Amino acid sequence: MTETAITPEVVAEHGLSEDEYQIILDRLGREPNLTELGIFSVMWSEHCSYKSSRRHLGKFLTSSDKVIQGPGENAGVIDVGDGDAIIFKMESHNHPSYIEPYQGAATGVGGIMRDVFTMGARPIALMNALRFGEPDHPKTKALVSGVVAGIGGYGNCVGVPTVGGETNFHAGYNGNILVNAMCVGLARADNVFYSAAKGVGNPIFYVGSKTGRDGIHGATMASAEFDDDSEEKRPTVQVGDPFTEKLLIEACLELMATDAIIAIQDMGAAGLTSSSIEMADKGGVGIELNLDKVPQRETGMTAYEMMLSESQERMLMVIQPGKEQLAFDIFEKWALDVAQIGQTTDTSHLVLKHKRKTVCDIPIAPLADDAPNYDRPHTPTAKRDVLYAAQIAQPDDYNQALLDVMTDPDIASKRWVWEQYDRHVMADTVDSSQSGGDAAIVRIHSEDGPTTKAVAITTDCTPRYCYADPVQGGRQAVAESWRNLTSVGADPIAITDCLNFGNPERPEIMGQFVGCIDGMNEACRAFNYPVVSGNVSLYNETNGVAIPPTPAVGGVGVIPDISLLKNLQGAEDGDTLILIGETTGWLGSSIYLRAVESREDGAPPPVDLQAEKANGDYVRKLIRNRRVNGVHDLSDGGLAVAAAEMAFASKVGLSLKNPTDLPAHAWYFGEDQGRYLISTDENSINPILTTAEGLGVPAMVVGKVGGTRLTAQDAFDVTVDGLRARWDQWLPTLMSGGTETV
Amino acid sequence: MQTAVITFPASNCDRDAAVALEQITGRAPHRIWHKETTIPSDVGFVVVPGGFSYGDYLRSGAIAAKSPIIQDLKRRSEAGLPVLGICNGFQILTEAQMLPGALLRNANQKFVCRVTKLRLANAQTRFTKLYDAKNEIDIPVAHHDGNYFADDETLRRVEGNGQVVFRYSQNPNGSRNDIAGIVNAAGNVLGMMPHPERTVDQNHGGTDGIALFKSILGTL
Amino acid sequence: MTMIARVYVGLKPGVLDPQGRTIAASLNDLGFNEVQDATQGKVIELKLAPGEVEATEARVKEMCEKLLANTVIESYRIEIDAPDAE
Amino acid sequence: MTMIARVYVGLKPGVLDPQGRTIAASLNDLGFNEVQDATQGKVIELKLAPGEVEATEARVKEMCEKLLANTVIESYRIEIDAPDAE
Ligand SMILES: Nc1ncnc2c1ncn2[C@@H]1O[C@H](COP(=O)(O)OP(=O)(O)O)[C@@H](O)[C@H]1O
Ligand SMILES: [Mg+2]
Chain A
1 MTETAITPEV VAEHGLSEDE YQIILDRLGR EPNLTELGIF SVMWSEHCSY KSSRRHLGKF
61 LTSSDKVIQG PGENAGVIDV GDGDAIIFKM ESHNHPSYIE PYQGAATGVG GIMRDVFTMG
121 ARPIALMNAL RFGEPDHPKT KALVSGVVAG IGGYGNCVGV PTVGGETNFH AGYNGNILVN
181 AMCVGLARAD NVFYSAAKGV GNPIFYVGSK TGRDGIHGAT MASAEFDDDS EEKRPTVQVG
241 DPFTEKLLIE ACLELMATDA IIAIQDMGAA GLTSSSIEMA DKGGVGIELN LDKVPQRETG
301 MTAYEMMLSE SQERMLMVIQ PGKEQLAFDI FEKWALDVAQ IGQTTDTSHL VLKHKRKTVC
361 DIPIAPLADD APNYDRPHTP TAKRDVLYAA QIAQPDDYNQ ALLDVMTDPD IASKRWVWEQ
421 YDRHVMADTV DSSQSGGDAA IVRIHSEDGP TTKAVAITTD CTPRYCYADP VQGGRQAVAE
481 SWRNLTSVGA DPIAITDCLN FGNPERPEIM GQFVGCIDGM NEACRAFNYP VVSGNVSLYN
541 ETNGVAIPPT PAVGGVGVIP DISLLKNLQG AEDGDTLILI GETTGWLGSS IYLRAVESRE
601 DGAPPPVDLQ AEKANGDYVR KLIRNRRVNG VHDLSDGGLA VAAAEMAFAS KVGLSLKNPT
661 DLPAHAWYFG EDQGRYLIST DENSINPILT TAEGLGVPAM VVGKVGGTRL TAQDAFDVTV
721 DGLRARWDQW LPTLMSGGTE TV
Chain B
1001 MQTAVITFPA SNCDRDAAVA LEQITGRAPH RIWHKETTIP SDVGFVVVPG GFSYGDYLRS
1061 GAIAAKSPII QDLKRRSEAG LPVLGICNGF QILTEAQMLP GALLRNANQK FVCRVTKLRL
1121 ANAQTRFTKL YDAKNEIDIP VAHHDGNYFA DDETLRRVEG NGQVVFRYSQ NPNGSRNDIA
1181 GIVNAAGNVL GMMPHPERTV DQNHGGTDGI ALFKSILGTL
Chain C
2001 MTMIARVYVG LKPGVLDPQG RTIAASLNDL GFNEVQDATQ GKVIELKLAP GEVEATEARV
2061 KEMCEKLLAN TVIESYRIEI DAPDAE
Chain D
3001 MTMIARVYVG LKPGVLDPQG RTIAASLNDL GFNEVQDATQ GKVIELKLAP GEVEATEARV
3061 KEMCEKLLAN TVIESYRIEI DAPDAE
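The listed protein sequences correspond, in order, to chains A, B, C and D.
Residues in the first sequence are numbered from 1 upward in steps of one, following my numbering.
Residues in the second sequence are numbered from 1001 upward in steps of one, following my numbering.
Residues in the third sequence are numbered from 2001 upward in steps of one, following my numbering.
Residues in the fourth sequence are numbered from 3001 upward in steps of one, following my numbering.
Same shape as in the complex, but just chain A (with noise of 0.2 Å):
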């Protein structure tokens, strides 16, 4: 390739400031080449530096007796006891999956099983969290197709059950569709992988698919002059191979059971790049790589094409020397590409070499330390006017009122979407989305087979009361996680997050989303419930319209005996419905003022977190003294979307009073936070109620479990089943315009 003048326009094309483009200059005391610079441009990227986000995000809490690994590793590690650890994660594929729904999310999965298999975990559970545009754009019911398809084919494929997640539709994501998938993954707490390459003269092994031209990203493509024919050269979209993924997993986690691996980082964005210079400034070492060996699916690929190109199923390992031959067999066992392609050196540089020519030298510090750290201006979101239920009248059909809240689209069953996805391969999966519960639940199967131990995985994030709030929205992700492990009678430990914003550089966006760490964080601290890892999704805007904030959490709890999990199917007939928790009746932001009354004002339900950690950890108590028969959280629609989920899952009918003297519709619908409703038996009720009033917890009984419908004190009164369908066809008429079997 002729070598490409380092003109500003190529630096510019490279997203490089003319100020970082002067650091590079300093540090290395002359002008880069193009592969250098590409090294640089990517590493340099938000995408991999976090150069918006960084500051903000170390105000997170991220330890406590639970955490191994904190953030900063490819996932973050929790101790789940008997030697046995989690590993998990969420990413963001928002883009490529806007542009090609099917593999932009089907490689978002593949991405993220290999942050976790990296680290030496056996995946064993993936959630995802979607949001579409409204459900009548023109894009939107491909993009929910494609997406849906992708995210089932490849985790299908590679056989690990995805068991939960949640699906919302609005106007702001029309022109940004958001694709976040979390991978959860078993190992043992003694034989945890990290990416820091360590020694000199240690061999560097390339594992998995063929380097093609993959994802190269397109301005800096066109910036480069070629000389072989350029329409071979047109940036390609990533396609995913869950087959090759499946074989690398087993093979890795094959190798790991030996002591052959040094260190291993899979290639993600920015692929070698990232990767190399990541396990070397990890361990302070240097790295030398000869390109010639890297294996290649296509002809005449340069250096800079390697060094970016975006491939997926790829991992790079440093082997523990006379181990070579180990490793060796075990990739071809599995059939995958494997190849030496360089080694550990104590030059502390990234040495490149092509086609006998040293087409790199740079030092490896100044791609970390120097990585651009931005203090963006934010202007905090204008407080909004708290709304009464006082000043917004009562519907004049409550049944009406309740069919709309039900069938609105973040309400209305996603059984369309999970129905695609394997929920039960790998047979640990005691809940899933099946049960509309509020958390999955995954038997720990440990290598000596299964246990009686089972984590807890949720994906909670309610989008509309971050735009109104982002302090009281990033507390109440965090919060609703929380309660809904809880509700399952999980202890939560720990969570991972995706955080989607849109263009950082407006301060009013940079507002959003320090408002939502800091709430975030003030409620991972009330909960000693620390964030492990995550993942910073920025510029998610199209024409100047940014998404609303959307700081999706996930998390993860333990529950150490299934034999005493509860959630929301248990309700029998005959049990007295009590209800956890203080309602004043919130309707600001609120999913029935959004449905019933067309409008999305109001502050957002404040979250008190002492009250919420006081409600959920007297819920769990009671779960574990086997005091319950049925647990739901409330969250969007309030009481009675709890209800009637509770009542779908039950297979029973509901009914409903007011005990107090709030409106009907701001009691049914409201959507107060730390609450509960819970179903329990004749003899339990009392000592419930008064154990509660000791421990300052709200209690009282709202209604009872029987018959089969679903009625409620001076409101609504319909058949469970009636609703029930209308519920569960919303979607399928959607996608499908017709009718499908259940």
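Watch out, some of these pointers could steer you wrong.
Simulated pairs of lysine to any residue, SDA-like, Cα-Cα distance not exceeding 20 Å [to be verified]:
#1 K3012/D <-> R1156/B
#2 K2012/C <-> E572/A
#3 K2047/C <-> K2061/C
#4 K2047/C <-> R3021/D
#5 K2066/C <-> D3029/D
#6 K651/A <-> P560/A
#7 K3066/D <-> A3082/D
#8 K657/A <-> Q400/A
#9 K141/A <-> I3080/D
#10 K651/A <-> K1035/B
#11 K3042/D <-> R3006/D
#12 K1066/B <-> L2030/C
#13 K621/A <-> T691/A
#14 K139/A <-> G3031/D
#15 K3012/D <-> A3082/D
#16 K210/A <-> A149/A
#17 K2047/C <-> V3072/D
#18 K1035/B <-> S435/A
#19 K414/A <-> T167/A
#20 K657/A <-> A389/A
#21 K51/A <-> Y539/A
#22 K1110/B <-> A149/A
No lab work stands behind these hints, which were simulated from the structure alone.
These numbers come from a predicted model, not from an experiment.
On the provided structure of chain A, position chains B, C and D with the ligands as indicated by the hints.
Below, chains B, C and D with the ligands alone, put in the same frame as chain A:
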């Protein structure tokens, strides 16, 4: 009673099958790698597990059906060795022509993971005799290509011989005659799309699969 | 008398084709060592109401852009059999 | 100089073709009412070590019988591009 589970590249229900077999027989099954050429002689029952062997590339089960181990499995099954093909295993057995017909893409084109109610079309087989013919059983399906097809004449023969073992009460994939599982004419090879190995534990999908394993293992 | 349109859809050059790769590898395993590479594409055959060839071709092109091909990663080629051509 | 073999694999008549049916229906939904029917098949393109045409064709036929087509439901057609034919 020694059992075995075959593993192909990207089989992914092999461990599930092994766990179920160990739970029921009290003995860990042999794990057989697809490159091996013979089924150990002490093996009395083989499961060809579910998954996405070779990524379902070309046709589900097609590439696995050509593996050395399947050629030996074919010989052994012709000599009477009982074999259970689950999901991708069923696809492999039809591709290997150990069972009649073929499994096409689901009629609605979508992967479906759903707990299906099954009717026992034949409760007399070696795989079903412990079931009560009157009862429906709940077993989950999870597949993209479960749409059973056989030409009219083959279908007549299969139905005539009572080779249809399970039928869906609500057909999730468009399969002919609601067929969910069939045996070969000799009755020692069963292929089914639903996953009985996922229903051997109350906490994990129920227990309706246990009788299937006990039926076949009991007759050995 | 109907018209037949045949649409050939394949991955664009440079796009990973895991399926093709796997097919080639298994053919080699089966002893067909002459196979150096394989790619897999689709042929969609459409039965169409009779029409004039250019117009039909234009319509089929529209079908490809709208549904039959994923032009982000796939390219396509159209063949029309006019009735008389049969 | 390599040889190219193109293998066209389609469902036999009488085998229901869910893909084809869906394609026809969706095209009609999109307003392409001239579409009366659609079928979907595969094209597998093989890059082969150069050889003499008849012999190559025989080998490819063997590949189809052994792997590329499931003759229970599918039929196939083979095309060979001899180098000179290019
Ligand atoms: N994209 C998805 N994938 C899998 N399951 C989903 C998805 N979207 C929603 N679900 C399931 O639907 C049910 C309801 O979701 P949601 O209303 O978000 O629950 P909650 O309000 O308790 O967080 C949950 O069981 C959830 O796992
Ligand atoms: Mg909930």
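Consistency of the hints with the structure:
Distance check on the hinted pair: K3012/D and R1156/B sit about 19 Å apart at the alpha-carbon level, within 20 Å; holds. Our distance criterion of 20 Å between C-alpha atoms is broken by K2012/C and E572/A, whose separation comes to about 58 Å. Taking the CA atoms of K2047/C and K2061/C, the gap is near 15 Å; set against the 20 Å cutoff, the hint holds. Among the hinted pairs, K2047/C with R3021/D is consistent with the structure: their alpha-carbon atoms are about 12 Å apart, no more than 20 Å.
Under the criterion of a C-alpha separation no larger than 20 Å, the hint pairing K2066/C with D3029/D is consistent with the structure, at around 12 Å. For a cut-off of 20 Å, the pair hint linking K651/A to P560/A is broken: about 27 Å separates their Cα positions. Only pairs whose Cα atoms come within 20 Å are accepted, and K3066/D paired with A3082/D is rejected, the gap being roughly 23 Å. Note on K657/A and Q400/A: the hinted pairing holds, with a Cα-Cα distance of about 18 Å set against a maximum of 20 Å.
The suggested pairing of K141/A with I3080/D is violated, with an alpha-carbon distance near 42 Å, which exceeds 20 Å. The suggested pairing of K651/A with K1035/B is violated, with an alpha-carbon distance near 49 Å, which exceeds 20 Å. As the CA atoms of K3042/D and R3006/D are separated by approximately 10 Å, the hinted pair is consistent with the 20 Å bound. With a C-alpha separation of about 8 Å, the suggested pair K1066/B and L2030/C falls inside the 20 Å cut-off, and the hint holds.
For a cut-off of 20 Å, the pair hint linking K621/A to T691/A stands: about 11 Å separates their Cα positions. The straight-line distance between the Cα atoms of K139/A and G3031/D is roughly 17 Å, inside the 20 Å bound, and the hint therefore holds. Distance check on the hinted pair: K3012/D and A3082/D sit about 28 Å apart at the alpha-carbon level, beyond 20 Å; violated. Proposed proximity of K210/A and A149/A is contradicted: the alpha carbons are some 25 Å apart, above 20 Å.
Straight-line distance between C-alpha atoms of K2047/C and V3072/D comes to about 25 Å, which puts the hinted pair past the 20 Å bound. A C-alpha spacing of about 41 Å is found between K1035/B and S435/A, which places the hinted pair above 20 Å, so the restraint is violated. A threshold of 20 Å between alpha carbons decides the hint, and for K414/A with T167/A the separation of about 7 Å falls inside it, so the pair holds. Proposed proximity of K657/A and A389/A is supported: the alpha carbons are some 18 Å apart, at most 20 Å.
Among the hinted pairs, K51/A with Y539/A is consistent with the structure: their alpha-carbon atoms are about 13 Å apart, no more than 20 Å. At roughly 8 Å between alpha-carbon atoms, K1110/B and A149/A fall within 20 Å of each other, so this suggested pair holds.
Violated hints, listed in ascending order, are 2, 6, 7, 9, 10, 15, 16, 17, 18; each of the other numbered hints is respected by the structure.
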